[in-house]
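These protein sequences, in sequence, are chains C and Y. Sequence positions in the first sequence follow the numbering used here and run 1 to 917. Sequence positions in the second sequence follow the numbering used here and run 1 to 440.
None of these hints come from the bench; they were simulated from the model. Backbone N, C-alpha and C define an ideal beta-carbon position, used for all residues, glycine too. Watch out, some of these pointers could steer you wrong.
[Stated by the list, open to error] Covered stretches of chain C, as calculated for chain Y (at least 3 residues, CB under 8 Å):
1. 44-55
2. 79-90
3. 98-110
4. 137-151
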Amino acid sequence: MSRPCRVNVNGRIVEVPSGTLLTDAAREAEVHVPIFCSHGKLPPLGACRICVVEVGMPKLGPDRQPVLGAGGQPEIAWMPKVQTACTTTVSDGMHVLTESPAAVKARKGVMEFLLVNHPLDCPVCDEGGECQLQDLAFAFGHDFSRMDEAKRTFDSEDLGPVVKKEANRCIVCMRCVRYCDEVMGDDALTAHQRGVWTEISSFNRQPLECEQCGNCIEVCPVGALTALPYRFKARPWDLRQHVTVCPYCSNGCSVRLGVRGAEVLRARGTEFRGINREYLCVRGRFGYEFINSPERLSTPLLKLGGTLEPAGFDEAVTFAASRLGEIAAVHGPASIAFLGGEKVTVEEAYLFQKLARAVLGTNHVDSRTRWPAAVPGRAVLKATGGGRPALTFEELVHAQEVLILGDDLQGEGPFAQAQVIRGQHQHGLHLTVAHPRRVKLAGVKFQGLWLDYRPGAELPLLQALTRAALDLPRPSGLPAEVLEGLPALEQALAPWTPSRVEQATGLSMASIADAARRLREAERKAVLFGRALTEHPEALALLHAVENLAWLCGALSAERSAVMYVGPQNDTQGALDMGLLPDCLPGYVAVEDAQGRRAFEQQWGGPLPSVPGKTAPEILEAAAAGEIKALWIVSDNWLRSAPDRRLAEQALGEAELVIVNELFLTETARAAHVVFPASSFAEKEGVMVNCERRLQKNVRALSPRKGSRPDWEIFQSVAQALGARWSYRTVEDVFREIARLAPNYRGMHWASLLPSGAQWASADRPVVPGSLGGADGAGATRDEVAARAGGGAATDGAPSPSAPAGLVLLSGGVLFLQGSLSQRGSLLPRLARAARASLHPEEAKRLRVAAGEPLEIEGSAGHIRLPVAIDPGVPEGSVFVPYAHADVDLNRLGAPGRAGLRVTARRATELERIGAG
Amino acid sequence: MSASRGPLLFQDIDTPGLRSLEVYRGQGGYQTIGTVVGAKTPDECIEIVKASGLRGRGGAGFPTGLKWSFVPKGSPKPKYLVCNADESEPGTFKDRELMEKNPHLLIEGMILSAYAIQAHVGYLYLRGEFEYLQRILGQAIGEAQVAGLLGDDIAGSGFRLELHTHLGAGAYICGEETALLSSLEGYRGQPRLKPPFPAVEGLYACPTIVNNVETLMNVPHILRHGAQWFRQWGTEKSPGTKILSVSGPVQRPGNHEVPMGLPLSALLEGPCGGMREGFRVKAVIPGGSSVPLLPASRLDTGLDFESMAAAGTLLGSGGVIVIDDQTCIVDALYNITRFYEHESCGKCTPCREGTYWMSEVFERLESGHGRERDIDLLFDVSDNILGKSFCALGDAAAMPVMGAIQHFREEFEYHVKHKRCLVNRRRAELEARFGETAAV
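With the rest of the complex left out, here is chain C (with noise of 0.2 Å):
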């Protein structure tokens, strides 16, 4: 496929790969051929023929050469009709005239044509000024219109809250149909009837039900779908365009903001910049409205009597300067936390684990509030290959084997399930999908395998997966470390019987093994990870389940290949490389590591505590015994984050400082003694780290809201209200210093990280090198292998569904809302809905509960009311409630247990009764 075929447009030779569309040769030639229908993630359709071109062969004599005319050029055969340039594939020596009479007049017919039943309604079409259609008329078309007969018209249609369609403009590309079904997966556009009737709508002209993603309208080259929420709001050329980084999910998609004045006035893809380009979620395209909103902090607060009151800037700072100060001074540093940060920069996240270590002198520095384990800083890391190259978002679509692990990627990384989707429709991509609901990514439609392990059985299910893949051939490449924690690991395993297995997961062994030789078969291939496994009480073991699982298979020694964890939040991967951790400084450098730690300390000026602190769940408590007094929390709800609720409340009550930066006055913002207003992505600079592990820079779009400050500004404040010689002018100069001391950024340049930013690989070098099993670190002894391999094998089995203990209780993520951010709009709550405990029927039956009842669910510490959905693609024996919704508190229920939450649930009384919504 990659012979090279020279190519002839326009008279410029340009060499492509054969295989190479005409339309993308022509672009090689710096010839611009028009398009509509063509999209760079949709095949060749070939529908609209507006970039039709004369192509031409040389003409062959008998003796298979070309014949040579006058002047000793070849003679071309042109074909006798012009071609689509958008379908035909390039041959060496292939001619191509875009600008020949007969090309001109075909297009020059095509835009006639397009323009026949398109209304001039310009002036008041939202496309207006970036149209494809105006753009290309001007271009290309009449400058007077020969048709005058009447126009067909049909009426226009709300598709539901976001998509206004206007169908009389409608061009009948079929990019949104062909989107909706081959990389959303949704399938809920059609057209209508035919001919010049064809009218684009869902199929039973109802409000779409998909994703609301919004692509569709992104898609659209005229202005036939538009934005329901930025209808009528602006004319493009009013607006300021800013390419930034979306503050939702890990997976760091390109934003592009339309500012006017200091408003944000919609968001959206951009067709050739970012890793997903015109893609968006719902989240990312709507989830906007929280950077206006009135609620937002304007000024610093402060408890001084028992209520927050405003306060300057200045004041705040000298304040929570001298607190911390002072309880430094009376109980040591070890009486400070820091926590949080997985939605700040990389430079403020580096300044924030600097202030607690080198400034205040504290290790206990974690992002990770969510985890109810504590799990060692370098656990991700390691289970994804400790620094080799990442996998690229691209690859992830050409991949053979997919394999999904607990994690709902609708919810969780909506991009990276588009670009499985797209993987699965148009390379064949297979997929195994470990879940234990019909999660979208388990349909049928998309015809992967299906694990549904019983909840709760993670670890016998990754256990398992390992013993399966241990029975198969070796892949090549496995680094010295790895092979010589084989033995340990077989013994470790040998307990996992098919039986075993078969009990405690609720699948059968045979389509577990068959999960293992896909992926280990597979010469391309991903596992992905995410909440379900870091947010498990037995996190540590899994890590070690996925890294072994990993080797096993070759997911981390063949080429194109890897392992991603797609965390909870736009900067996770970030926060954990800039060591906010209790034992990582940044770039993984261990604090115990004299050697390493002495560079920082040169540059930081002073020596830096070597003990590794506590980790969050240890943080929250010490906290809630009183024995951490003061706590600096940043970008996060930590009370609605934190594993058990009953202890972040003790724990923020037996505080005696709490600061926290926050951009609205969140309930934990409510317990705290200082809130700083924190500026929100939109407003700031600085380099965001996405499940890539690719850098990429925001861009500031807006002045920071009145009365706020980007976070490292309040954390230099703080830093020289302590003393700390402090003088960064700029995020550059943060960055810089960044780029000179952790090891796995060496090199980066702060220039270089426009527009799509670069990965961060260690491959001569992994950061932390391979082992099976193992802990840690290097120096882990068999049976310390043997220990954490073997995890989850002295339980007694997963519990059965029809244990009388009660129903577990399943979480994940829902695609309209995420973090506290998307709650401050009314659109996704809106599209969201109220939040609903879904049961399968036989257990709503078994509950003598019905759709729309409420239903009390009762853990070890409180309860929470919800009504009933039914949703067969629960397990019986379980109980799901997305953890997105503001009213949803499920951390009141009590922290879980080994396998998972077990609750209760009974049908609520008349009277406690609450709105179905």
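Given chain C, put chain Y in place with the hints provided.
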């Protein structure tokens, strides 16, 4: 038994009770199942059909044997045979009579063709209006199944074939083979990109052969009597016979089977019995509404693929539409254009928008509001469709109009100038009775 209506397919077509397996077998039907299926190799069958020179009777005239040989031999995918019985070309009604009167010949043809390409599933795609034919064919398929002529082990040969009928939803475009396949798969009936051609990637992306009813019905005769026997009719490049569906004011309209190459005038004079009294031929559309018309001066053209192409038109599906001297050419073409506007699938811009525009311009001409420039506009719009559309439907809409303007421009001009037709039988009659002003 009535007189034979044709040399080959129509020879015994009017035999009473031919629809039943018994009568069909009595005429020698299904003999080939024993002599060909299992007895000859599939490749031998393809070679015989190639040697016979049989060409597709659906319109394009592609050599059938050659098409069969494109099916990849080593492909692990299942192969499919699809009979295109969507007969929807205006002026064409031959397949309908063939299937109505002789369904078993089609089934026999499908068994043999499926054997040649080694397909084990065959589909009969019928146009939506052929619901009654679905019943007839369904009955015949049932009879054949009971008799062991279809099923797992056809007549003990080890070859298996199942046949299904499928009713379209009433779209002209589904006669185009790739649109037919899309429709058969349950999608919108719209043509697909070629390549890949159906023989390589057709139904469900598997190798698929799509043949017309008449083509498939010729196959049993060829395999029974041999390639040379078949070549006794027709020309060197277009052997065999062709059934022509003649409409218009001739004495005997209807289906007539003639050897290929017979001059058009001989068809009109011979089997059709000449024009009805008071009518003269003005033009003939020889191959269904989608081909350019042939002026009366070219009636000597032979009814075969080559001669028709040389005369600037196409043999097409054999729908011979005779336009008489009292039919207004603008009226006739407006009628055809409206059909294409209605049937354009909407996939590509030139056909979707162009046919609508043409229809609107015609409407103005027809209603007496035409302007001088409209004739050139009509020609230019047609020209902008011709060769630029996704499939042949656009060409089909453009070619007749362009041909009509070239040959009968004066009738268009008359429409513009006098706001009425140059010729009109009703008006002529009125004028004869009441004087010229009466009908204006």
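Here is what the structure says about each hint:
1. Residues of the segment 44-55 of chain C lying with their CB closer than 8 Å to a CB of chain Y number 8, which satisfies the three-residue condition for coverage.
2. Coverage of the segment 79-90 of chain C by chain Y holds in this model, with 4 residues showing a Cβ closer than 8 Å to a Cβ of that chain against a need of three.
3. Beta-carbon proximity to chain Y at under 8 Å applies to 4 residues in the segment 98-110 of chain C; the threshold of 3 is reached and the given coverage holds.
4. Residues of the segment 137-151 of chain C with a Cβ under 8 Å from some Cβ of chain Y number 4, which satisfies the need for three, so the listed coverage holds.
Comparing the model with each numbered hint stated earlier shows that all of them hold.
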